[in-house]
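Asks: Each chain, letter by letter, is given below.
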Amino acid sequence: MSFELSREHEDFRKSVREFAAAEIAPRAARWDKEHTFPVETVRQMGELGLFGLTAPEEYGGAGDYGDFTSLCVAIEEIGRVDQSMGITLEAAVGLGINPILTFGTAEQREKWLPDLVAGTALAGFGLTEPGAGSDAAATKTRAQLVGDEWVINGSKQFITNSGSEITSLVTVTARTGEREGGKAEVSTIIVPAGTPGFVVENAYDKLGWRASDTHPLSLTDVHVPADHLLGERGRGYGQFLATLDDGRVAIAALAVGCIQACLEMSVQYAGERTTFNVPIGAKQGVAFQIADLQVMAEAARGLTYKAAALKDAGRPRAEFKQAAAVAKLYSTEAAVTATRIATQVFGGYGFMEEYPVARFYRDAKVLEIGEGTSEVQRILIARSLGLPVE
Amino acid sequence: MKIVVCAKYVPDATGDRKFNADNTVDRVGVDGVLSELDEYAVEEALQIRDATDGEVVVVTVGPEVARAAVLKSLQMGADSGVHVLDEAIHGSDSAATSLILARAVERQRPDLVLCGMASTDGGMSVVPAMLAERLGLPQVTFASEVVVEDTTVRIRRDGDAATEVIEATTPLILSVTDQCNEPRYPSFKGIMAAKKKPVETLTLGDLGIAADQVGLDAAWTRVDGFTERLPKSAGTVVTDDNGSGADQLVSFLVSQKFV
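From first to last, the protein sequence lines stand for chains A and B. So the first sequence is numbered by our numbering: it starts at 32 and just counts up by one. So the second sequence is numbered by our numbering: it starts at 6 and just counts up by one.
Hints were generated in silico from the structure; no laboratory data involved. One thing to keep in mind: the hints can contain errors.
Under 10 Å between C-beta atoms, here's a sample of chain A residues computed to sit facing chain B [to be verified]:
# : residue
1 : Leu79
2 : Gly83
3 : Glu89
4 : Gly92
5 : Gly94
6 : Val104
7 : Pro310
8 : Ser405
A virtual CB, placed ideally from N, CA and C, is assigned to each residue, including glycine.
Assemble the whole structure, with the sequences as input and the hints as a guide.
Replies: Next comes the structure, spelled out in C-alpha cells:
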C-alpha cells in the first residue's frame, strides 16, 4: 500500500504550483474585489494542459498519460492560491468537458471538445433551477421535439462558466416527456452560446468565488437541432448523477487546497506576529489550533487521493461512489473549519481584505453546498451502509 | 535544425546555500534546479525546433543530482539529453567546464548551440564565449530576440545605449537573455513523456579528456574562503514630524551615497 503520489504527480504539482504562484496568486485579490473573470489566465491554464488531463489525445488531451489524480493535483494547487480559478477548472472539466466526453456522439465530441480541452472555450452544465437543485427530478425546464428541432423553455440558476466571453455551450437538463406513472422523463441537450432565446442573465453577486463566472440563464423558445441531444433521451438524470460522482472528488481536492493555504498562512503568521514579546505561535491556544490544521490537511488529502486512485484503478462504481462522498463531506467541512481557525489566528487582520485569509473564509462556505450538499453526502454514505434513510 | 542547449544544475536560489570543505559549492546536499536563466535557452530551442521541424538535445555537466536539469528540460519538451558525469569533474572552473561541454556538444554536430545568459550560481557569463572559441564557431551573446530562417539567424541585442540587430549563419553559438521568451511550465503530458526519453551518460574518458585537465587542481581560480552575509538590519524608519520627513529622507539617501 502506497501513501505517496508518484514522482511524476509530484513533479506536476511543482509545475502547477510555480504557475499558480507566478500567474494567479499576484492577481487573485484584485479579480475577487472587482469580480473579474480572467479569460487570459484560463487560456494559460489551457496551455499548461490543465483542461485536458482526463481527455483523449485526439482532442488535445493528455490521453493515456493523464489521469484523474493529476486533475485533482491541479485543482488542489490552483485552489491553494485562488479558489475561484480552482472552481473554474473543476467545473470546466467535471461539468463542461466530462458530459460531452462520456455521453457525446463522435460528431459532438469532435465539434466541441478540442476548444474546451485547449482552454480557448468553456462549457457550463445547466442543471440547477430555482426549484430544483439536489432534487434534480423536479426539473421544470421543458424541451419539445418539433420536427427536427428541440424547442426549449425554462430557466436555470447558479451555472458556472455559462456566460464568459469564451463560453461555447451550456448543457441543459430538461423534461422531454413523461414516463408511465407520471414521472418526468429528463434528457440532456447541448445549447450553443448565442442561440436566439438563450439569455445569459447578469452575473451573481456572490459571497465567495467572486472571480468565477456564474449566471442565471433563461431559455425562451430556444431552437436547437435534434442531434444536440446529449446521450440517450430520458437518461438525463442518470447521466447527471454519473457526472457528479467525479465532481465530488474534484471539489474535495479544491477543499484540500483551501486547507493547505490556511495551514501555510497560519504557520507563517504565528511565527511572525508577536504579542507580549513572543510569537503568537508560542501560545498553546494558537499552536494547538494550527496543529489541528495539519491533521485536517493530511486527512482530507488522504481521503481525496484515495478516491481519485479508486477512480483511476477502475474500481467498482459503488466503492468509488462512497469514497467520493466521504472525501467531499470531510474535506469541505474541514475547509470551512480551517478558514475559521486561520481567520482567528490572524485576529483583526483576518477580518481585513488586506490578507488573503479573509477571501478564503468567504470562499470556503460554498464547498459544503456545491455539487451535492453535506446533507446529500451523508445520505449517500448512509445508503451505502445499507441504512433505509430517506 | 539540430539544437543543443547547455543547461546547468544550480542550487535553488530560494533555498539554503552551502559550501563543501574545499570551498566549492555544495550541489548535492541542497535543493537544486535547472538554472532559471537556462530555462530561456530551453524554451527558445523548443520554439525554433517547432518552427523548423528540428531536434533539441540538452547537455549538462555535473554530479548525479544534476540529471534533474536534463529531466526538467525533457519535461518541457526537449527530445533527448546528455549527462557528463565523472568524479574528476568536481571543482572544475569555467574553462574546464567549457572544455567538457565543447567535447560533448561537438559529438552532436549541432546547427545551433543555445546557452543562458549566465548561470544563477556562478554568474560569470563566460562559458558561451569559451565554448565558441573551443569549437571554432561564431558566437552572438545576450540575444533578446532570435529569428531563424533556414541557415540565417537574426539576433537582437538590447544594450544600454542602443539596440543591435546581428545576422549570422549556422552553425552558431547563442546566449539568450530573460527577455527573449516566457519559458513554459511542464505539462503532465510532458512530465509523463519525459520518462521515456533517452538520456546518454558520458564519462571524461568517453570524451577523450584526461582527469587532470579538469577539476579543482586544474582550475585557474580557487575560492580561499567565504563569510556569510550579515543578517538584514531592521532598517531606518523616517517619521514625518512637522514636515521634516523629506529632509531626513534626503540626508539618509545622501549619507548612503544613493544620490
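Asks: Next, verify each hint and record whether it holds.
Replies: Verification of the hints:
no.: 1; hint: Leu79; in the structure: 5 Å, holds
no.: 2; hint: Gly83; in the structure: 8 Å, holds
no.: 3; hint: Glu89; in the structure: 13 Å, violated
no.: 4; hint: Gly92; in the structure: 8 Å, holds
no.: 5; hint: Gly94; in the structure: 7 Å, holds
no.: 6; hint: Val104; in the structure: 8 Å, holds
no.: 7; hint: Pro310; in the structure: 17 Å, violated
no.: 8; hint: Ser405; in the structure: 31 Å, violated
When the structure is compared with the earlier hints, violations turn up for hints 3, 7 and 8 and for no others.
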